[in-house]
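Chemist: Could you put the whole structure together from the sequences, leaning on the hints where they help?
Protein chains: 2
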Amino acid sequence: MSKEAAQSPKSGKTIDQTADRTAIVAARLKKLYKNSVYPVEKKYRYDYFFESPLLSDVEFDAKPQVLLVGQYSVGKTSFIRYLLGRDFPGQRIGPEPTTDRFTVLLNGPEERTIPGNALSVHPDLPFRGLERFGVSFLSRLEGSQLPSSVLKSITLIDTPGILSGEKQRTNRGYDFTKVVSWFAEKADLIILLFDAHKLDISDELKGAIDVLKGHEDKIRCILNKADQIDRQQLMRVYGALLWSLGKTMTSPEVARVYVGSFWQQPLQHMDNADLFEMEEKDLMKDLAVLPRQSAVRKINELVKRIRKVKTLAYIIGYLKSQMPALMGKEKKQKKLIADLPTVFRTIMKKYDLAPGDFPEIASFSNKLHETKFAEFNTLSEKQIADLDRVLNEDIPKLMEELPSEKDSPDIIRSK
Amino acid sequence: MSKEAAQSPKSGKTIDQTADRTAIVAARLKKLYKNSVYPVEKKYRYDYFFESPLLSDVEFDAKPQVLLVGQYSVGKTSFIRYLLGRDFPGQRIGPEPTTDRFTVLLNGPEERTIPGNALSVHPDLPFRGLERFGVSFLSRLEGSQLPSSVLKSITLIDTPGILSGEKQRTNRGYDFTKVVSWFAEKADLIILLFDAHKLDISDELKGAIDVLKGHEDKIRCILNKADQIDRQQLMRVYGALLWSLGKTMTSPEVARVYVGSFWQQPLQHMDNADLFEMEEKDLMKDLAVLPRQSAVRKINELVKRIRKVKTLAYIIGYLKSQMPALMGKEKKQKKLIADLPTVFRTIMKKYDLAPGDFPEIASFSNKLHETKFAEFNTLSEKQIADLDRVLNEDIPKLMEELPSEKDSPDIIRSK
Ligand SMILES: Nc1ncnc2c1ncn2[C@@H]1O[C@H](COP(=O)(O)OP(=O)(O)OP(=O)(O)O)[C@@H](O)[C@H]1O
Ligand SMILES: Nc1ncnc2c1ncn2[C@@H]1O[C@H](COP(=O)(O)OP(=O)(O)OP(=O)(O)O)[C@@H](O)[C@H]1O
Ligand SMILES: [Mg+2]
Ligand SMILES: [Mg+2]
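Chains as they are written, first to last, in the working numbering: chain U, 1 to 415; chain E, 1 to 415.
Worth flagging that the hints you see were computed from the coordinates, not collected in a lab.
Please note that the accuracy of each hint is not assured.
No copy is singled out in the list; a pair is fine if it fits within one copy or between any two copies.
[Unchecked claim] List of simulated lysine-lysine pairs, PhoX-like, C-alpha gap at most 20 Å:
1) Lys331 / Lys42
2) Lys247 / Lys213
3) Lys206 / Lys247
4) Lys30 / Lys298
5) Lys320 / Lys43
6) Lys218 / Lys285
7) Lys335 / Lys42
8) Lys34 / Lys331
9) Lys31 / Lys43
10) Lys178 / Lys198
Modeler: Spelled out as C-alpha cells, the structure:
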C-alpha cells in the first residue's frame, strides 16, 4: 500500500491547516451562539418549551467521532495505529482478544492515558453521560492522548472485539451492547471491520448490526486482511459479506465495503494491489471530509435552532402583550391557550414565519398551563434583529470561511 | 477466455462418451421400470393410491434442462452460442430485445427449427403440458435442433428477456411469468444472467426472482460482460448484486455468482483475465456434472418409488387376504378401514417395512372407501422378489456403470 504524505497534493493544504481553519469556524460559531442566541433562549425558556437543553461549549468544540467496531482480531487497533502512523499510549495489538477497553484517541501535547472516570466528567469532552454504565464500565474506558494531526481533525474510538452471543453477556461486567449503542449515537462515522481471512458471518455480523440498529446510514465496512487470500476467494468472501449485509441491514442503499489490508505491513499477495490502493483512497477521502461535514451539520442545526428560537420569542412576546393590565389575567390566559391554533396562525402571518418552526401544539399548550403569561418577558426587537443578523450575515460569512469541499485534504492518514 | 477442447484433460473422457454412457444407464433404468415395476404399479393401482401417474418413456429419456433467464440484452443467447461453439437455427443476437420466443435447443442429426405446436405434443419430449398456455404462447415457442455434443448431455432453454414490470404484462400475448415458472419447475439448473455493464437491480432482479420463487436452490447467477468495467467498478457491481440477491432471495446460502464474459469475443480489459478463467471453469464443471446428477436423481427417485410400490403391494395383498370367502365382505372391509393404523402396523412388522414408505392414512382410507377389497389382486411373491432384485442387485449395478464423479468431463463447452 502506497505511503502518502498527510499533504494533499491537489490543494496543497495539509490536514493541519484544514483542521485549524475548521476549528476557527467552530469557535466563531460558538461565539455567535453565546452572544446572540443563548441570551434569547434563556429569556424565553427555549429549553423548557422545546425540551432541548441549552448548548454548552463542548457541542461546538467536539471533533467528529469515528467508531471502530468488529469481532476480535479483525484489526481495529491495527487500523488506528495505521491511521496515526505510530503507536499510541495503551495500545495493544495481538492475535487473542486483546483490546479490553473502550479507548478514546485524542489530540494533546503530551502522551498519556486518561482514566475512564476523568474522561466521563471532563467538561470539554463529549463523554459525559457514560457514568450511567457504572464503575465496572468506567474501569474499561480509557483516553489515549498524543500529539497527532489526524486527531486534530477527528476523534477515534477503539472498542473491544465483539464476542459471540454467549460470551458477550457473561464475560463483561457491563452492558456492552448499550455502550456501543451510546457511542454509535454520537458517532459521525461507524467503521465495521471484517476479516476476509476468516469471515464468520453468522454470529459476528448479526451481533454487530443489532448493536448498530438505527445508525445504518453512518456505517462503512472494511473487509480487512484481503491480501491474505487469492482473487477468486476474495470475490466469494466479499460476495458472502454483501449477501449477508443485504439480508441483515434494513437500509435500501448498498453498504459501502472497502476491501484491503489496513496496517503498516506490505501486502502478502500483490495481485489486487491496485484495487486495494483505490479502495484505500476512497476510504481516506471519506474520513478526510468528516470535519467539514460535521461543521456544516453543526451550522445547519444552529440555523434551524435560531429559527425556532425566533418563533418562540414572537409567541411568548405576543402572549405577554395580550395580558390585561390589571384584572382577568387568568381568564385571558386560559382563553389564549384554548385558542392556541388561532394564536399561532396570527403570529405566523404577522411575522412571516414558517409552520415548521413552531412547537408542537399539544405539548406546548400543556407546558403553557404550567406558566404565568404575566411573568413572561416582552418581545425585544433588538434581540430579534440580532438573530436575523446572525442568520443572514454572520452564518453565510462563516460558511465561506469553511475550507471548501475540494480544499478538504485527500487523505487523513499520517505517514 | 481460453478455448479448451470438449475433451476433459484429466480423465481423457469426451463429453460424447460420457453422454453415451449416461444414456445407456437411462435406457437400462427404463427397462427395469417397464419389466419389473410398471406391472406391479398397474396391478395394485399405485397411480390411484399414491396420486402419482405411471412413468412414461420421456421421464427416463429426457436430458437435464438448463434454463436461461435474465433481462433483455444481458447475453443469454450469446451464452448459448458460446456453449455450443456455433450458431443455431433461429438464433438472434443483438442490442435490442431480440429473442422473442422460448427456444428449446435439442440434439438431432439435421439442423432445423421445430414449431411450438409440434414441440408441445411430441411424445418423446418433456414439453407436453405447454399447450395450457394457449396458441399465442405456442407461436412463441420453438425447438432448435442441431447436431451438438453439448446437447447430447443437456437441453438448453433460451428465453425472451425479462422486461420491466409494466411492459411484461402488456407487450406479450401470454402469461410470461407462468411460462417461466413452468420451465423453472422442470429445470435442473436455472442460470440467471446480469449485465455488469448496466446492472439495473430494481426492476430486473425482483421480477426474475419472483418468477423463480420456490426454485432458489437451482439458481446460479452469471455477472456477464464483466470485462467491460475496471476492477473497482466490478467489485461495486458484484457487491450490489449480492446485496440485492441477499435481500430478495429467501435461501440462507449465498447465491453463486460467476463473474466473467461468456461469449466468443476476446476480453476487453485483461486485468481480471485469470479470475474470469477460474470462474468459467467452475461454471463449466457445474454444467458438466448435470447429466450424472440427473441420472443419480432419477435412480434415487425410482428407488423411493419401488419401496412404496412394494409397500402398497403388501397392503393390498393383506386387505384382500382378510376378505371372508362368502358372506360379510362389506362389513369386514369397513372394519379393516376403521382399523387401518393397526393394519399398517401389522404389515410393517410382518414384512419389515419403513414407516416412510406407507401412504398417508387419512387420504388412503378415503381412497379405500371407493374400492371393493374383494376385487383386489392377491399378493404375488414372485413380483415382490422381482422388485427386491431390482433394488438390491440391478440398481446397484447400474450405479456402478454410471460415469463416476471424477470421470465427468471438466467442461461441457464445444470449441
Ligand atoms: N491488515 C492486516 N493483515 C494481516 N494481519 C493483520 C492486519 N491487521 C491486523 N493484523 C493482525 O491481526 C491480529 C489482530 O489485530 P488487532 O489487535 O489490531 O485486532 P483488533 O480487532 O483490535 O482485536 P481485538 O478486538 O482483540 O482488540 C494481530 O496479530 C495483527 O497483527
Ligand atoms: N459477454 C459479452 N460481452 C459484451 N457484449 C456481449 C456479451 N454477450 C453478448 N453481448 C452483446 O450484447 C447484446 C445482447 O446479446 P444477446 O442477444 O445474446 O442478449 P440476450 O440476453 O439474448 O437478449 P434478448 O433478451 O433480447 O434476447 C448483443 O449485442 C451481444 O453482441
Ligand atoms: Mg483491538
Ligand atoms: Mg436472446
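Chemist: The structure should be examined with respect to each hint, and the outcome stated for every one.
Modeler: We went through each hint and held it up to the structure:
no.	hint	in the structure
1	Lys331 / Lys42	neither (27 Å within a copy, 97 Å between copies)
2	Lys247 / Lys213	both (14 Å within a copy, 17 Å between copies)
3	Lys206 / Lys247	both (10 Å within a copy, 15 Å between copies)
4	Lys30 / Lys298	within (10 Å within a copy, 77 Å between copies)
5	Lys320 / Lys43	within (13 Å within a copy, 100 Å between copies)
6	Lys218 / Lys285	within (15 Å within a copy, 42 Å between copies)
7	Lys335 / Lys42	neither (26 Å within a copy, 92 Å between copies)
8	Lys34 / Lys331	neither (37 Å within a copy, 100 Å between copies)
9	Lys31 / Lys43	within (18 Å within a copy, 98 Å between copies)
10	Lys178 / Lys198	neither (27 Å within a copy, 42 Å between copies)
Checked against the numbered hints above, the structure breaks hints 1, 7, 8 and 10 and satisfies the rest.
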